[in-house]
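Colleague: Residues per chain are reported as follows:
2 protein chains.
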Amino acid sequence: MIQTILDHRSIRKYSDKKVNKQILDEILLAGTKASTTGNMQVYSIIVSEHKKIKEQLWAAHFKQDMVKQAPLVLTFCADFNRFNKWCNYRNAKPAYDNFLSFYTATIDALLAAQNVAIAAESHGLGICYLGTTTYMADKIVEILNIPNNVVPVTSLVIGYPDENPKLTDRLPLDAVVHYEKYTDYDEQKINKLYQTKEQLQETKELIKENGTENLAQIFTDKRYTKKDNVLFSQNFLNLIKKQGFMNLE
Amino acid sequence: MIQTILDHRSIRKYSDKKVNKQILDEILLAGTKASTTGNMQVYSIIVSEHKKIKEQLWAAHFKQDMVKQAPLVLTFCADFNRFNKWCNYRNAKPAYDNFLSFYTATIDALLAAQNVAIAAESHGLGICYLGTTTYMADKIVEILNIPNNVVPVTSLVIGYPDENPKLTDRLPLDAVVHYEKYTDYDEQKINKLYQTKEQLQETKELIKENGTENLAQIFTDKRYTKKDNVLFSQNFLNLIKKQGFMNLE
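If you're matching them up, the sequences are chains A and B in order. Under the numbering used here, residues 2 to 250 are what the first sequence spells out, in order. Under the numbering used here, residues 2 to 250 are what the second sequence spells out, in order.
Think of the hints as simulated: they come from the structure by calculation, not from any bench. Some hints could be false.
The list cannot tell twin chains apart, which means a pair is met if one copy fits it or any two copies do.
In silico DSS-like links for lysine-lysine, alpha-carbon gap of 25 Å or less [to be verified]:
no.	residue 1	residue 2
1	K198	K227
2	K69	K140
3	K22	K140
4	K242	K227
5	K242	K228
6	K243	K228
7	K223	K64
8	K205	K64
9	K22	K182
10	K198	K140
11	K223	K182
12	K94	K190
13	K182	K64
14	K19	K193
15	K167	K14
16	K94	K193
17	K227	K167
18	K243	K182
Bound-form chain A, shown alone (with noise of 0.2 Å):
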C-alpha cells in the first residue's frame, strides 16, 4: 500500500489499451472516500474517453501528447452547483460564491483526486496531473460545459503505461519538514539541501540543452516565466470571480 505510494513516477507515454468499466468505477469510487468539508462533497470528476473530446482538452493543454494517447482524460473541478441546487431545491439559501467556498471545493477537489491516482497505480495504471489545467481553464471550461459555481482544478491521464521511467530526484525530507514551527532557510541550508539535485547527471544535461547558468535559472527563464505567471493569473481570477466565487458582500 504504501509501496505504491514510494513507487510513485509519472506516466507521459500510454499503450492502447483501455481500462475497464470496472477497474474505472473503482477508482471512481476510491476517489469519493476521500475526506471532504462537511460531507459536502463539492466537487465533480468530469470522465472524459471520446477521441473528439480528447482532442479538444489535447489543444487545449498545450497539446502534450499523452492527453490524446492515453485512454482517460480526467477533470476535477471544484463544484458548488450541485450542493446550490440542492439547497435552492429545500428552501435553504446557500451563500457559496465566494472565495472560501472556492477554496474550499479546491481541496475537495484534489484530496478526491489524489485517492483517484493511487487507486489507479494500485490496479497497474499509470497517471499524469496536468498543471495545465489551471493555466487554460476558461478554454476547459468552454470544451466540457462546464456551467456557473463549478471551476476546474486540476486533470488526471490515465491509462497502461508504455514506459518504465526511472523514480524522480526529491529533496530530502528535512528540506520539507518543519519540526514544532517553521525554521526559514539561509544560504548555507539551501546549498545542502539542492547539492544532490544540482550534482545530477540529469540536471547537467538540462543545464546544457537549455544554455542557461544553472539549474534555477531554467524554471525562472524557460519554465514558470513571469510573463506566463501574470498572464495566467489574470486569467485563472478573472474566471474564478466569472464563475460565481468573488462576491465578497
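Based on the hints, put chain B in the right spot on chain A.
Modeller: Structure of chain B alone, referenced to chain A:
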C-alpha cells in the same frame, strides 16, 4: 491498498499512544512522493508535537479537542519561500509572487497531504483534516512563525484511534461523476441523488437537534453561513496578499 482508501473514516478521538519516529518519517516520506508541479516541491509540512504549541493551535482551530488530544498536528503549507531563496542564491529571478503560483503551491501541498493521510491510515493510524486552517490562517501564521511566500492550506491531526466510527455516507457515484462533458442537474436528478442521504436516521436526528426544516438548512443556516464565509474569504484573501502572492504585474 485500495481497501485502505475505501475504509477511510475521519477519527476525532485519539489514544495517548505516541507515533514512533520511524513511522512518522515513513508517512512524511510518502508525502514527498506525490506529484508536484515541475518537481519544484513548493510546499512545506510543519509537524507539531509539543503540548504548548498544540494548545495554541487548538485555540486557533476553534478549540476542537482532537487538536490537543492527537499526538501529531501536521500543517501543510503552500510554500514558495524555499524555492525563491534557492533561485535568489543562484542568480535566477523568481516571479512567483502571484495568484497562479499560490494556487500551484496549494495543489502541491494537498497532494502531499493526501499521501500522508493514506500512508498514516495504512499504518493503523487515524487522521482528520481541519477545515479551520483556512478560516484561521492568519493566526496559524503567527503561531508557527510562518514567513512570507508561505500560506497554511490544510492540517491533519494524526494518532492512534480511540473510536471506531462507521463509514460516513456518500452520494452515489453518479452524483459526482460526469461522462465526456458536464451534465447539469435538474430537480428530479437532485431529488434522486440526495434521497438516500435525506432519509438516513442520523439525518432525521440532526434536523431535530438543529430545529431546521431539512438537512440543507443545517448547512446554510448553522454550519457554513454567509456571515462566516464572507468574513473568512476576506481574511484569507488578505493573508494571501500579505504573504506576497497577489502581485498581478
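Colleague: State for each hint whether it applies.
Modeller: Comparing the hints with the structure gives:
In this homomeric assembly, K198 and K227 come within 25 Å of each other (Cα to Cα) only inside a single copy, at 24 Å, whereas the closest approach across copies is 47 Å. Proximity of K69 to K140 under the C-alpha cut-off of 25 Å is restricted to the intra-copy arrangement: shortest distance 17 Å within a copy versus 45 Å between copies. When the C-alpha separation of K22 and K140 is checked against a cutoff of 25 Å, the pair qualifies neither within a copy, at 28 Å, nor between copies, at 46 Å. Taking the shortest alpha-carbon separations for K242 and K227, both the intra-copy value of 22 Å and the inter-copy value of 17 Å come in at or below 25 Å.
For the homomeric pair K242 and K228, the shortest alpha-carbon distances inside one copy (22 Å) and between copies (19 Å) are both at most 25 Å. Taking the shortest alpha-carbon separations for K243 and K228, both the intra-copy value of 23 Å and the inter-copy value of 22 Å come in at or below 25 Å. When the C-alpha separation of K223 and K64 is checked against a cutoff of 25 Å, the pair qualifies only within one copy, where the shortest distance is 18 Å, while the shortest distance between copies is 46 Å. Neither within a single protomer nor between protomers do K205 and K64 lie at most 25 Å apart by alpha-carbon distance, with minima of 27 Å and 51 Å respectively.
In this homomeric assembly, K22 and K182 come within 25 Å of each other (Cα to Cα) only across copies, at 18 Å, whereas the closest approach inside a single copy is 46 Å. Proximity of K198 and K140 under a CA criterion of 25 Å is satisfied in neither setting, with 36 Å inside one chain copy and 35 Å between copies. In this assembly of identical chains, K223 and K182 lie within 25 Å of each other by CA distance neither inside one copy nor across copies; the values are 34 Å within and 33 Å between. For the homomeric pair K94 and K190, the shortest alpha-carbon distance between copies (19 Å) is at most 25 Å, but the shortest distance inside one copy (52 Å) is not.
Taking the shortest alpha-carbon separations for K182 and K64, only the inter-copy value of 19 Å comes in at or below 25 Å, while the best intra-copy value is 42 Å. Taking CA atoms no more than 25 Å apart as the test, K19 paired with K193 passes in neither setting, with 45 Å inside one copy and 31 Å between copies. Only within a single protomer do K167 and K14 lie at most 25 Å apart by alpha-carbon distance; the minimum there is 14 Å, versus 41 Å between protomers. Taking CA atoms no more than 25 Å apart as the test, K94 paired with K193 passes between copies only; the shortest distance there is 20 Å, against 54 Å inside one copy.
In this assembly of identical chains, K227 and K167 lie within 25 Å of each other by CA distance neither inside one copy nor across copies; the values are 31 Å within and 49 Å between. When the C-alpha separation of K243 and K182 is checked against a cutoff of 25 Å, the pair qualifies only between copies, where the shortest distance is 19 Å, while the shortest distance within a copy is 38 Å.
In this structure, the hints that do not hold are numbers 3, 8, 10, 11, 14, 17, in rising order.
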